[in-house]
Amino acid sequence: MGSSFLTTINALLALYSVIVFFKMIIQFGLPNHPGRFTLYLVSLCAALYFSMKTLTGIGLISPMDYLRFRPIPIVGGGLGLLIQIVTSIGKFSIIQQKVISRIPLMAAVMVYFLFPSMAEVFFAICILASVLFLTVSVGKARYQKRMFFKMSFFLLLSGLFHLTENYWTYVLGDIFLFPGLFYFFIIQQSYGVTAMVERYRAEN
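What the sequence shown shows, in the working numbering, is residues 7 to 210, in sequence order.
Hint data in this document are derived by calculation from the structure and do not stem from the laboratory. Since this is a predicted model, take the numbers as computed values, not measurements. Hints may be right or wrong, so weigh each one.
Below, in silico cross-link-like pairs of lysine-lysine (DSS-like), each with a Cα-Cα straight-line distance of 30 Å or less [as the list claims (entries may be wrong)]: (1) Lys156 to Lys59; (2) Lys151 to Lys104; (3) Lys151 to Lys97; (4) Lys156 to Lys29; (5) Lys29 to Lys151; (6) Lys156 to Lys97; (7) Lys59 to Lys151.
From just these sequences and the hints, can you work out the full model?
Have a look at this one:
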């Protein structure tokens with residue numbers, strides 16, 4: 007019963023992630039802008055991560071395969087978030103953004119082959135670096151800053167509850183992922199709108 011309860015939570019998180027991901031594709035269109043490419047990459051990583059956890063819970067993916075492949079969405083998503091923050095604060099040309107937007111994929115593959123056990127640590131470093139970048143920036147990305155701090159708060163709560171060995175405390179940690187994921191996709195929605203505006207300005 008306990009395992010099925012956790013699987014249900016992960017299935018709801020996966021379903022929400024997949025629905026919002028495809029909704030954004032319909033809303034924003036092809037990834038012909040580096041900001042949009044990063045948006046889709048980060049959102050896909052979230053959907054892929056929770057989908058993998060769900061498929062592992064119901065037995066369609068072996069736990070060993072999950073442990074082997076999970077660094078890809080964890081590292082890709084975490085570094086993608088950091089790049090979104092950096093590019094929203096700084097001034098980068100389209101060409102520079104195109105180059106930077108490919109870094110999460112390369113880093114995910116590198117960690118997958120070289121440091122798979124360090125994926126969660128890498129993700130935590132990316133979130134911490136993003137918070138620091140937003141903290142020191144003044145008057146920039148104010149909306150994203152508020153949403154990112156809220157998302158980080160719930161991710162921190164989830165991580166702290168996951169450190170315990172009590173089953174129901176662990177479940178509560180998973181439940182805290184719901185508001186964290188909600189604010190995560192609000193952030194992605196705002197970056198999608200920003201990419202649309204930048205694309206429009208470049209064409210006119």
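Can you give the numbers of the hints that this structure goes against, from lowest to highest? Failing hints: none at all.
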